[in-house]
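K.L.:
Letter by letter, the chains look like this.
Protein chains: 2
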Amino acid sequence: MPLRLSTRDPGFEAGFATLLAAKREVQEDVNAAVATVLADVRAHGDTAVIGYTRRWDRQDLTPETLRITAAEIDAAVARCDAGTLAALHEAAARIEAFHRRQQPEALSFTDAQGVRLGARWTPVGAVGIYVPGGTAAYPSSVLMNAMPARVAGVPRIAMVVPTPDGVLNPLVLAAARAAGVTEIYRIGGAQAVAALAYGTDTIAPVDKIVGPGNAYVAAAKRQVFGTVGIDMIAGPSEILVVADGANDPAWIAADLLSQAEHDESSQAILLTDDAAFADAVAAAVEAHLATLPRARIAAASWQAHGAIVVLRDLAEAPALVDRLAPEHLELAVADPDALAARVRNAGAIFLGRHTPEAIGDYVAGPNHVLPTARSARFSSGLNVLDFMKRTTLVGCDACSLAAIGPAAVTLARAEGLEAHALSVAIRLGRAAE
Amino acid sequence: MPLRLSTRDPGFEAGFATLLAAKREVQEDVNAAVATVLADVRAHGDTAVIGYTRRWDRQDLTPETLRITAAEIDAAVARCDAGTLAALHEAAARIEAFHRRQQPEALSFTDAQGVRLGARWTPVGAVGIYVPGGTAAYPSSVLMNAMPARVAGVPRIAMVVPTPDGVLNPLVLAAARAAGVTEIYRIGGAQAVAALAYGTDTIAPVDKIVGPGNAYVAAAKRQVFGTVGIDMIAGPSEILVVADGANDPAWIAADLLSQAEHDESSQAILLTDDAAFADAVAAAVEAHLATLPRARIAAASWQAHGAIVVLRDLAEAPALVDRLAPEHLELAVADPDALAARVRNAGAIFLGRHTPEAIGDYVAGPNHVLPTARSARFSSGLNVLDFMKRTTLVGCDACSLAAIGPAAVTLARAEGLEAHALSVAIRLGRAAE
Numbered sequence: 001m002p003l004r005l006s007t008r009d010p011g012f013e014a015g016f017a018t019l020l021a022a023k024r025e026v027q028e029d030v031n032a033a034v035a036t037v038l039a040d041v042r043a044h045g046d047t048a049v050i051g052y053t054r055r056w057d058r059q060d061l062t063p064e065t066l067r068i069t070a071a072e073i074d075a076a077v078a079r080c081d082a083g084t085l086a087a088l089h090e091a092a093a094r095i096e097a098f099h100r101r102q103q104p105e106a107l108s109f110t111d112a113q114g115v116r117l118g119a120r121w122t123p124v125g126a127v128g129i130y131v132p133g134g135t136a137a138y139p140s141s142v143l144m145n146a147m148p149a150r151v152a153g154v155p156r157i158a159m160v161v162p163t164p165d166g167v168l169n170p171l172v173l174a175a176a177r178a179a180g181v182t183e184i185y186r187i188g189g190a191q192a193v194a195a196l197a198y199g200t201d202t203i204a205p206v207d208k209i210v211g212p213g214n215a216y217v218a219a220a221k222r223q224v225f226g227t228v229g230i231d232m233i234a235g236p237s238e239i240l241v242v243a244d245g246a247n248d249p250a251w252i253a254a255d256l257l258s259q260a261e262h263d264e265s266s267q268a269i270l271l272t273d274d275a276a277f278a279d280a281v282a283a284a285v286e287a288h289l290a291t292l293p294r295a296r297i298a299a300a301s302w303q304a305h306g307a308i309v310v311l312r313d314l315a316e317a318p319a320l321v322d323r324l325a326p327e328h329l330e331l332a333v334a335d336p337d338a339l340a341a342r343v344r345n346a347g348a349i350f351l352g353r354h355t356p357e358a359i360g361d362y363v364a365g366p367n368h369v370l371p372t373a374r375s376a377r378f379s380s381g382l383n384v385l386d387f388m389k390r391t392t393l394v395g396c397d398a399c400s401l402a403a404i405g406p407a408a409v410t411l412a413r414a415e416g417l418e419a420h421a422l423s424v425a426i427r428l429g430r431a432a433e
Numbered sequence: 001m002p003l004r005l006s007t008r009d010p011g012f013e014a015g016f017a018t019l020l021a022a023k024r025e026v027q028e029d030v031n032a033a034v035a036t037v038l039a040d041v042r043a044h045g046d047t048a049v050i051g052y053t054r055r056w057d058r059q060d061l062t063p064e065t066l067r068i069t070a071a072e073i074d075a076a077v078a079r080c081d082a083g084t085l086a087a088l089h090e091a092a093a094r095i096e097a098f099h100r101r102q103q104p105e106a107l108s109f110t111d112a113q114g115v116r117l118g119a120r121w122t123p124v125g126a127v128g129i130y131v132p133g134g135t136a137a138y139p140s141s142v143l144m145n146a147m148p149a150r151v152a153g154v155p156r157i158a159m160v161v162p163t164p165d166g167v168l169n170p171l172v173l174a175a176a177r178a179a180g181v182t183e184i185y186r187i188g189g190a191q192a193v194a195a196l197a198y199g200t201d202t203i204a205p206v207d208k209i210v211g212p213g214n215a216y217v218a219a220a221k222r223q224v225f226g227t228v229g230i231d232m233i234a235g236p237s238e239i240l241v242v243a244d245g246a247n248d249p250a251w252i253a254a255d256l257l258s259q260a261e262h263d264e265s266s267q268a269i270l271l272t273d274d275a276a277f278a279d280a281v282a283a284a285v286e287a288h289l290a291t292l293p294r295a296r297i298a299a300a301s302w303q304a305h306g307a308i309v310v311l312r313d314l315a316e317a318p319a320l321v322d323r324l325a326p327e328h329l330e331l332a333v334a335d336p337d338a339l340a341a342r343v344r345n346a347g348a349i350f351l352g353r354h355t356p357e358a359i360g361d362y363v364a365g366p367n368h369v370l371p372t373a374r375s376a377r378f379s380s381g382l383n384v385l386d387f388m389k390r391t392t393l394v395g396c397d398a399c400s401l402a403a404i405g406p407a408a409v410t411l412a413r414a415e416g417l418e419a420h421a422l423s424v425a426i427r428l429g430r431a432a433e
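Chains A and B are the protein sequences, given in the same order.
Residues 1 to 433 in full-length UniProt numbering are what the first sequence lists, from first letter to last.
Residues 1 to 433 in full-length UniProt numbering are what the second sequence lists, from first letter to last.
FYI, nobody ran anything at the bench for these hints, they're computed from the structure.
Hints are not guaranteed to be accurate.
Using 25 Å as the maximum straight-line C-alpha spacing, the simulated DMTMM-like pairs for lysine to aspartate or glutamate come out as follows [claimed, not checked]:
(1) A:K23 with B:D201
(2) B:K23 with B:E264
(3) B:K23 with B:E13
(4) A:K23 with A:D322
(5) A:K23 with A:D201
(6) B:K23 with B:D231
(7) A:K23 with B:E90
(8) B:K23 with B:D9
(9) A:K23 with A:E13
(10) A:K23 with B:D40
(11) B:K23 with B:D322
(12) B:K23 with A:D40
(13) B:K23 with B:D263
(14) A:K23 with A:D231
(15) A:K23 with A:E264
(16) B:K23 with A:D263
(17) A:K23 with A:D9
(18) B:K23 with A:D231
If you're wondering where the values come from, they're calculated on a predicted model, not measured in any experiment.
Same shape as in the complex, but just chain A:
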């Protein structure tokens, strides 16, 4: 049974604190193994990448076959189901349209002292997208990671995807093409992260690496951070549903399971002001589990990490939501906008009874790469700004420097930084002052 709490219960605060503090993920320490792979690829380039790929993916590659050719992508796309391709392109178009609205504006003005000030945004020069192989090869994830880079104007988007035993989901290649990926390599693991970060004879280095992966990939990303930028390290999926008793329990149960089915470490939580509805949802979860193909995973997640919290009143919800800071927040209530306005911490909010979280995983338009493990307290989902950087601009002439320079000289001297002071004062003709 999932955890059951009630805010009326005297033990509620202790139980909720335990829920908040629970670690769902077992961290494998693979740092030493990953450091060896990174050093090897850095030193031996393609040869090392090919060696690891032979060992772990059972693929014999050469520098010439590392890259998936346009003809191979054509052939893969031709194998895809037409209806699925149409859905993929519908999703790509909607994701692109939403992300286009995130493009930042440059700033440029001259202030009252005559100082020209500004900030401008430029795209990152080259981005690497990691895509897991095997069962977790999700075309939607390719769209969500690559499209913001394309909208940002990144000229080079290099994707890596392992093909263990030669297996590759053709929809992943179709998604890469739809998202504007410019090159694809059939490699994975820490060796692929190293190739992207350091470059090899065949693979030019990138400036930033994004995308989900296993413990080795996550550790490799952490270790190359600094040499390149990385995105956040994503944890297991989470959904928090706030629902009143007027919902269909089968709908809400499906929503909880949509995240529980990702991984045994995923977490689904229901907050409701109606204890009888809570019981009905719990029963509906069991009913759905009887038919779902991923029932084993979903049930394990629900049993170990699921929770139902019964509230005195929905007005108690925002404070609890903010403490949980969920990746996904579904507000299946009569006035979702009013409730949303009172929430501060959530990666994405799904408003109303007809907005299941899964719509955001595929076609709504906003990104599905969102902060997990309570990090919505301080971070945001993947977006166009993650693939751009801002440069600030300052321009003084003799007159405006004369206006603001003396304060800089005073502060530099107060900090004991006389060369700082000198570089301003010498232009004010006060160097010898």
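Knowing the structure of chain A, use the given hints to seat chain B on it.
P.N.:
Just chain B now, kept in the frame of chain A:
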């Protein structure tokens, strides 16, 4: 002598690649010591913080005296020089005015399918600012770290600053007050980072920690990342000056030294198209060093990490600038805007002969916390968005879900995620389909 390169030289590419690859910072491995401190503070709270402060700062504190009182801040401000305070407030006002222009706008629209979409920004709930003690206690750094948080609307800004042997720069407290810091604790080191991340009986936990520190502080920030957000880990300062022969060599030499004086690991590089001017700048550097109080540090930086690159033509500059991706880029040329437009990677650009970089350290307005070690290729200086997070919003009604839901069902099934498909299909009345 600093490194001297010329693009006419056949060995140029190799020399420039060596300059790019050079590591200037010795990384101390203090991870194990820091992990012990973090675990101790997490388990024992104030008692552990007070114990480490006694040992390392030689200060006997109690939970009651951890926090610096308003009366103590008043007294410190009263001791500050009036002219310096005026300069500090001028700087604070200019920094605040620039950062106010970074406030993001919310997004809200309904698309052609009737889907309500949006994104809104909310401030981080509580921020911790680390301020080094001793000689590196810079009031300008307090302004630059705290002001963006205040402009973002962060309700709680907690500062920590160690006071070894009771020494504290009163201007640091004055800067904290000017920047809207809401509470100040006289602690530092890994124990202060732990107190901010985990909280103690006296210090409530924060959501994000920013600010510079020594190797222990940097390691502590890395280790608490995830529990809280952190800013980038700043490396040694850098300046890249692109100057033609029409500049006063003494001005340019002062600019190079303004960053070289920070730290022996700092780096100052000159790119010029005029070899005679390069010689004149080198001579002017030596002349300034004869009088500067921090000459030993500046000379060590200039000798070990400085470089002069003579170009055939200033048109060669942008490509080299982009590879160096400097923290600070000064363009002391006849048409700095044209050159700036051709540069992609730089933390901040200073335009023209009358804009020494140091003006940006204090009073120009943009932030002086900028990406170092070539990370301007993929990251930006500290800004208001670093203290906010974005939540995306999606709202469907039955009609708009019917419009976009089928594609989501198709993609979920293609990914083998039937509970995802179910949560949409059940609302479309197609669950049994």
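K.L.:
Between K23 (chain A) and D231 (chain A), is the straight-line Cα distance small enough, at 25 Å or below?
P.N.:
With Cα atoms ~21 Å apart, K23 (chain A) and D231 (chain A) stay inside 25 Å; holds.
K.L.:
Please work out if K23 (chain A) and D40 (chain B) have their alpha carbons no farther apart than 25 Å.
P.N.:
Distance ~20 Å between K23 (chain A) and D40 (chain B) Cα, so the pair holds.
K.L.:
Would the pair K23 (chain B) and D231 (chain A) pass a check requiring their Cα atoms to be no farther apart than 25 Å?
P.N.:
holds (24 Å)
K.L.:
CA of K23 (chain A) to CA of D9 (chain A), is that 25 Å or under?
P.N.:
holds (24 Å)
K.L.:
Are the Cα atoms of K23 (chain A) and E13 (chain A) separated by 25 Å or less?
P.N.:
Roughly 18 Å separates the two Cα atoms, so the pair holds.
K.L.:
With the threshold set at 25 Å, check whether the alpha-carbon distance from K23 (chain B) to E264 (chain B) stays at or below it.
P.N.:
At roughly 13 Å apart (the allowed maximum being 25 Å), E264 (chain B) and K23 (chain B) satisfy the hint.
K.L.:
So if I understand the rule, the pair passes when the alpha-carbon distance is 25 Å or less; does K23 (chain A) with E264 (chain A) pass?
P.N.:
The hint holds at about 13 Å.
K.L.:
Would you mind confirming whether the straight-line C-alpha gap from K23 (chain A) to D201 (chain A) stays at or under 25 Å?
P.N.:
violated (42 Å)
K.L.:
For the pair supplied as a hint, K23 (chain A) and E90 (chain B), is the alpha-carbon distance within the 25 Å limit?
P.N.:
Measuring from Cα to Cα gives roughly 47 Å; hence the hint is violated.
K.L.:
Does D263 (chain A) sit within 25 Å of K23 (chain B), going by the straight-line distance between their CA atoms?
P.N.:
violated (41 Å)
K.L.:
Can the restraint linking K23 (chain B) and E13 (chain B) be considered satisfied, given a maximum Cα separation of 25 Å?
P.N.:
holds (18 Å)
K.L.:
With the threshold set at 25 Å, check whether the alpha-carbon distance from K23 (chain B) to D9 (chain B) stays at or below it.
P.N.:
Holds - the C-alpha atoms of D9 (chain B) and K23 (chain B) are around 24 Å apart, at most 25 Å.
When the structure is compared with the earlier hints, violations turn up for hints 5, 7 and 16 and for no others.
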